[in-house]
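> Put chain B on the given structure of chain A with help from the hints.
For the protein sequence lines, the chains are A and B, in the order given. Residues in the first sequence are numbered from 902 upward in steps of one, following my numbering. Residues in the second sequence are numbered from 902 upward in steps of one, following my numbering.
Be careful, since some hints might not be right.
Heads up, the list lumps identical chains together, so a pair's fine if it works in one copy or across two of them.
Unchecked claim - Below, in silico cross-link-like pairs of lysine to aspartate or glutamate (EDC-like), each with a Cα-Cα straight-line distance of 20 Å or less:
{"hint": "1", "residue 1": "K1159", "residue 2": "E1076"}
{"hint": "2", "residue 1": "K1161", "residue 2": "E1221"}
{"hint": "3", "residue 1": "K1180", "residue 2": "E1221"}
{"hint": "4", "residue 1": "K1112", "residue 2": "D1208"}
{"hint": "5", "residue 1": "K1143", "residue 2": "E1079"}
{"hint": "6", "residue 1": "K1217", "residue 2": "E1079"}
{"hint": "7", "residue 1": "K1109", "residue 2": "E1276"}
{"hint": "8", "residue 1": "K1109", "residue 2": "E1038"}
{"hint": "9", "residue 1": "K1109", "residue 2": "E1076"}
Rather than coming from a laboratory, the hints here were simulated on the basis of the structure. Treat the numbers as computed from the prediction; the structure is a model and nothing was measured.
Protein chains: 2
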Amino acid sequence: MAQERRPVPPCRGAGTQPGAALGSGLPPAPARPPSREIRACPGSGTGRGRRRLRRALGAVASGGDAARRAGKKEPVLRGTLEEPLPRSCRRLRQSPERCLCLPFPGQRRRGAERRRFPGRVLAGPFATMNLGDLGAEVIKVERPGYGQTGPVVQRGGYDSIAAAVSGLMHITGHEDGEPVRPGVAMTDLATGLYTYGAIMAGLLQRYKTGKGLHIDCNLLSTQVACLTHVAANYLNCKIEAKRWGTAHGSIVPYQAFKTKDGYIVVGAGNDHQFVTVCKILNLPEVSKDSRYKTNTLRVQNRKELIDILSTRFSEKATIEWLQLFEGSGVPYGPINNMQQVFSDPQVLHNGLVMEMNHPTAGKIAVPGPGVRYSEFAMSHPKPPPLVGQHTVEILKSVLGYEDDAIEELLCTGAVAQHEVR
Amino acid sequence: MAQERRPVPPCRGAGTQPGAALGSGLPPAPARPPSREIRACPGSGTGRGRRRLRRALGAVASGGDAARRAGKKEPVLRGTLEEPLPRSCRRLRQSPERCLCLPFPGQRRRGAERRRFPGRVLAGPFATMNLGDLGAEVIKVERPGYGQTGPVVQRGGYDSIAAAVSGLMHITGHEDGEPVRPGVAMTDLATGLYTYGAIMAGLLQRYKTGKGLHIDCNLLSTQVACLTHVAANYLNCKIEAKRWGTAHGSIVPYQAFKTKDGYIVVGAGNDHQFVTVCKILNLPEVSKDSRYKTNTLRVQNRKELIDILSTRFSEKATIEWLQLFEGSGVPYGPINNMQQVFSDPQVLHNGLVMEMNHPTAGKIAVPGPGVRYSEFAMSHPKPPPLVGQHTVEILKSVLGYEDDAIEELLCTGAVAQHEVR
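Okay, chain A solo, but in the shape it has when bound (with noise of 0.2 Å):
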């Protein structure tokens, strides 16, 4: 591992002859199965040598929008060779086990936020690439916005832009008040496990018939398939989907109650939990009461029976309701900050927080991932790799170039390797 907190040693070769023509009298790289784990940035290139590296690589990811480079610079990760990251260290649980950094020929057409990082070269040759060009065994991956075709396929790929087109920001929210979007990138988010899904898809597919195929994910698609009965309602019954806050339109009580100092989420799923959540609150008329004695009936008398509960459950903190809700077989939890997540016992004990040393930053955190398998244990998780930190790892081992070849390259800006010690 290398040392911690250093500053950034200058990238070998990188932007110095960005227009360089690549691998001019280079042997062949030898035929490798596709890899998972190399990154080439988004970009696109021509030449010899940049095709034999195409032909070389396997699954590409196509990169992010601007706004994974606005805000400030992350704390605890400043200083990397790569472009300024969001604070939000996002990058941290999206990046590939290793990193490959090429010229960016297209760097002057990407205008003023690439003039600004000029020794920052980001370069990747598939963007534009068709399948067939990229060899018969590689999956390749398209994530944009709206699809590969289509009326606005031009458009760019935004998290709030396609949670608002596929209406996910219309249905969330109060009743009465405006929409609002999920706290985090849950569109984003579904695209991506869709997008994992179907690259393992891809490679089972490819170990049956050995041929590679491409993938078209896309954030709108994603999203109005996660629709699922709001989607069906009105396509089925012309039914308008509307916004329910925290509660649920079908079950009464299922939604967020403020208590003294925060807030509690009960359900009572049938009658039965029903009566146990009114013994718990100490309202036994409530729930001898025949116009809550159903579920079908405390939906039509939602709001008095949820201004009654409502009142209840104000006059205990939290933690008090969540004793005395512990084994009585409701459904309920507290709504957490950040803090209380991540001291949470369960949070804890499903081993969600992932730490890691950074080459640049020190220790590092994140979470996840949410799947474990019985027969293969999480391997050690390792940190985001700098911007051609594995240039010559990948160009020897994965690539096969000879140390000279490999030399060549980076003495002309062909490629770049980021000296990590």
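Just chain B now, with coordinates in the frame of chain A:
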């Protein structure tokens, strides 16, 4: 395809002898590769016949919570053999292609809910089985609320509760308002997508090793993993999360604005885009104002700037703004309701409305899926099966039972066939 909107015929053999011993005297089912098409609902069971079925069946999904059975019957699916469908139509997208019907030995133990539907036997012997019992090739998936082990492992899994405990509700809502839940069960959906990728990864692993495995996904872990930058900000910098409405914490403007008749989301990912936004809004003085020159300044002076922009946006209808922003390069989009989503040209172009004929409900439509592959077309969408619709077919073609053995199983009530006509 079955005729439409017929009354549901009785189910042969269903529920007549719920506790009957299975498969006595029958030849053992031949070994077959596991199938992913078959659903068996959760429950428990013993007996030789069941063990045979267990061995021969493949990936297993456990069932949902009580919320799934609450609310009104789904209007377009009334009359199917299954438990009353939620208004959601959710099952339409979650169902497998074929359905085998076995008796449910835990019927009495499941209490009132099960007793209400004595003829509606839903069975499945998998929920309490260990991987070893299921056979070495099986991929077993568990998807509870909190995980396989840990302090609150016994609690049920509910989207709303997981969204609360994981902090998603804490960060969703208006800046000065109360917490909100995303308008669809995004935690549930993200867990489903995580699980789908994990199953694909498990199948890939089985291709490589010949061995099955046990996959653990759960709602809490999924949503905590999906907290991304919000979690990383807390874990690394102890920055507590807050609610942002539709806005972005570090990009201004990047949020929804109220128009004369709706909402539009507009973002300025960089200073150039901000100038464009001001030009479209006919606010040249704002783009020249030194308080709003850079994004950092705009974040500092967020309130004043958003007030100015909001006033201007409220002066025209959404459609007028959409026309003005078209081709500007600025991220923008309307907040659509369901009617607008499902008449959006790109949504229609992406083929996101899937129509199909349901055996009892007639023509129905559901959204999705959100992924396409170059090497194979979407198969014609199939409606969810009725419970027991494919019992004989599966016993014969998957499990290799002879006709007379199947007849015996049906006669004793060990299995049931829904006779779709």
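> Look at each hint and say if it fits the structure.
Do the hints match the structure? See the list:
1. K1159 - E1076: both (16 Å within a copy, 17 Å between copies)
2. K1161 - E1221: Answer is within; shortest intra-copy Cα gap is 10 Å, inter-copy 46 Å.
3. K1180 - E1221: within (15 Å within a copy, 55 Å between copies)
4. K1112 - D1208: This pair counts as neither: shortest intra-copy Cα distance 61 Å, inter-copy 55 Å.
5. K1143 - E1079: For K1143 and E1079, both the intra-copy (11 Å) and inter-copy (17 Å) Cα distances are at most 20 Å.
6. K1217 - E1079: So K1217 and E1079 pass the 20 Å test across copies only (18 Å; inside, 29 Å).
7. K1109 - E1276: Classified as between; 13 Å across copies, 22 Å inside a copy.
8. K1109 - E1038: Both ways: K1109 and E1038 sit 12 Å apart in one copy and 17 Å across, limit 20 Å.
9. K1109 - E1076: Neither. Shortest intra-copy (50 Å) and inter-copy (51 Å) distances fail the 20 Å Cα cut-off.
Taken one by one, the earlier hints fail for this structure at numbers 4 and 9, listed in ascending order.
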